[in-house]
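Student: Chains as they are written, first to last, in our numbering: chain R, 1 to 129; chain U, 130 to 518.
If a hint is listed, it holds; no wrong ones were tucked in.
Reference listing, derived: stretches of chain U covered by chain R, where coverage requires no fewer than 3 residues with Cβ under 8 Å from a Cβ of chain R: (1) 259 to 271; (2) 328 to 334; (3) 374 to 385.
Quick partial rundown of chain R residues pointing at chain U, CB under 10 Å, derived from the structure: (4) 5; (5) 38; (6) 105; (7) 116.
Since the hints were derived computationally from the structure, they do not count as laboratory data. None of the values given here were measured: they were computed from a predicted structure. Ideal placement from N, C-alpha and C gives every residue a C-beta, glycine not left out.
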Amino acid sequence: MPFLNPAPTPTPDSEPFWQAANCGELLIKHCEGCGQAHWYPRPNCPFCASDRTVWRKASGRGTIQSHCHLRRVADPYVLAYVTLEEGPTMMTNIIDCDPDSLKIGDPVTVSFIPSADPDQRVPVFTVQV
Amino acid sequence: MFRTPLAYIVGAYEHPLRDAPETSVAQLHAEVALGALADAGLSKDDVDGFFCGPDAPGTGPLSLADYMNLNLRHVDTTNTSGSSYLIHVAHAVQAIAAGKCNVALITLAGRPRQQGKGKGSLKRADDPNQPDFQWEHPFGLQILGAYGMVAERHRHLYGTTAEQMGWVKVAASHHAQHNPHAMLRKVVTVEDVVTSPLVAGPLHRLDCCVVTDGGGALVVARPEIARSLKRPLVAVIGCGEAPMGQAGGYAEITNTAAQRSGAAAFAEAGITPADIQYASLYDSFTITAMLQIEDLGFCEKGQVGRFVMDGNLISGVGKLPFNTDGGGLCNNHPVNRGGMTKALEAVRQLRGEAHPAVQVPNCRLALANAIGGQLGVRHASSTLILERE
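One chain only, chain U, in its complex shape:
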């Protein structure tokens, strides 16, 4: 224990569906909320703080709070795309510490597969008032292109190879084979990755995450409440959040805001990357996870290609077990917003509730990191450091 924790994650739940044609978006939110509350041993009437992103249908939190008939005194709809939900955890901790709420519920849910967004060519919303829109839209900016440019430049600067990127997917698939809910459970090889079709720049099809319906939820509570419950105690001991843009036209696109969010979280927790036993890393693409490994300080900048080789991310094999649920690459990437699932697997690891084949022995310190938005263009990183007491 490095300092007295301000709040604990007491409930966590991942929706089992990856295709949800029969369930409304609001009902998916309600199901993950009730799942996380049941996991905690709490009821909806205990919730007095609610946190959600723009995947929540309606105006901010209002429709869902009404749908679930919550009685709230604190709401927060921070939106940094896929990294929102780890920021929600940080903001819930701050709100609890400030006395603004006692039990915070955070939900993410949606069904992009039912809404024609399953083909991996997600286009940004057309908002001409967005100040960057007229400078990017005419040239066909899309997620694949942004990440393809980042991967190409990392390859150019540091010699990162397609095979090295492939190792990230290989590790994720080794973990996903044990997850009965994972979208893709087949173990793949480096050769499978590098012989899958090229889709954008150096990115192969198997460098890309899945698109799934479903969602997840977390419950954060103040220490007295957490200690009164029957679940293992998972303390939030460090948080960091950082947005990053194009710096007036002078950004290095292979740098991520995880450099700053990670440094802030490690400083708050009073630990170093070497102390981390398990890491959940945002893996929209293999390169996304790789840049976080560098920028969070698990290896030197430019060295991640060598770092991830030979199963170094596989639990029980390598030095940095990552995404033991199969991650976004193989398991789940609900609503194209992968931050929530990163926290969920970190909580499972700390509770000792990951699949036995991937459970890190006596896991006490874990990190969850998310990147929201588009690397190289505009994104935000959020870092959580969690400790089991």
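The following block holds chain R by itself, in its conformation from the complex:
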């Protein structure tokens, strides 16, 4: 049985994000009030509190802000923070990599893998070659 990421538990305001994830798109929230992108997505901007936040498709490219190889668990994995091209940093996993050769600053690209819920994919990253 391959390891599957725990399924997310979407809230009413996050449904568009998780539906887009199933279509291979990474959405992030931008604020039309102050122009800033933020993570994690919220209805109200965490900077100016405006409710004029909109979903925009991210490029799916970013760099590793930090990473941690969890070695002593049944299915070892790499937890990471990835700083997106659009600015904010998100928590994710780095997959299909040699954990010992990962470096902070490495460029990475999003991909979407199945979770424990067969109908829901989650965004993870691979190192760009």
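With chain R's structure known, arrange chain U on it following the hints.
Tutor: Showing chain U alone in chain R's frame:
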């Protein structure tokens, strides 16, 4: 004396057990409460304020207040995880100053070792209503991973090495050898730390704290009462508390809220880090204590790797004696909430009651700091500055 203290820590007690299979959680709370009151020379009937965290079983303070049959007029259940108990001290001082209570009791107790949480892979509570949950849980966030990412980034930015991190554990173990109650009393070397198994990112097994049952308690009282008791006077002269999150996705994970809680406490006390003779620092991991050393101002940001080397944290050897009870790394980390024990050892140092092998000579100014929650994700720092009169 920099200003008239508003309240004093008059009682302190650390439960001697590290494994408590025979004692209920409520009874552990009662034992530490009675221990701290006896230490102060007070009785439970003197207590009119009660402070506890979510380790207290039941609804807030209600079950324990009933269990101990306390007659209260002020309660506070502030929860910032492991840093709660130093915030409780600060809030007790404020409540006493505001006339809301005279004698405040603060307890922490539990038995994670009996409840299957002894293996170091503590998982967060599954609460889908927690707004960050859906953005973190699918990726396997756990305490080791959060701190491993912080340590990895500090290494990347500042060149901090595994050997330098190891020095923190070495210092703690030098202190723990003198503490008969410490969970781990064996003195270890830097080589022991860096050759112990890697568990998460750059963190080795010996970079991680112990998991223990037990607990501790503090009693804070107004000045007239403190002066009427027979114990040395330990004044609370500075307090700071600060939560920190991910700043909408723009946080630097090697920064901690100790930058703000420390600055607030030092400003209130009217002293500087150079005045501190002893420091209790939260040491869930070696890197946790190191970031506090930087962020409280004991060294420049990024320089802590060099600062901790060569025994600089060992009492009698270095410039900043820390965690002379052995800390969370070697002595005690009850209920995975280490703030309480940080205050307890600071009080011992100021009273001159630390083990003679680790007692700081004529210790008059001490600091206790705690980090609760998870660095890099969400945490709160609380700082106390204490002075012996």
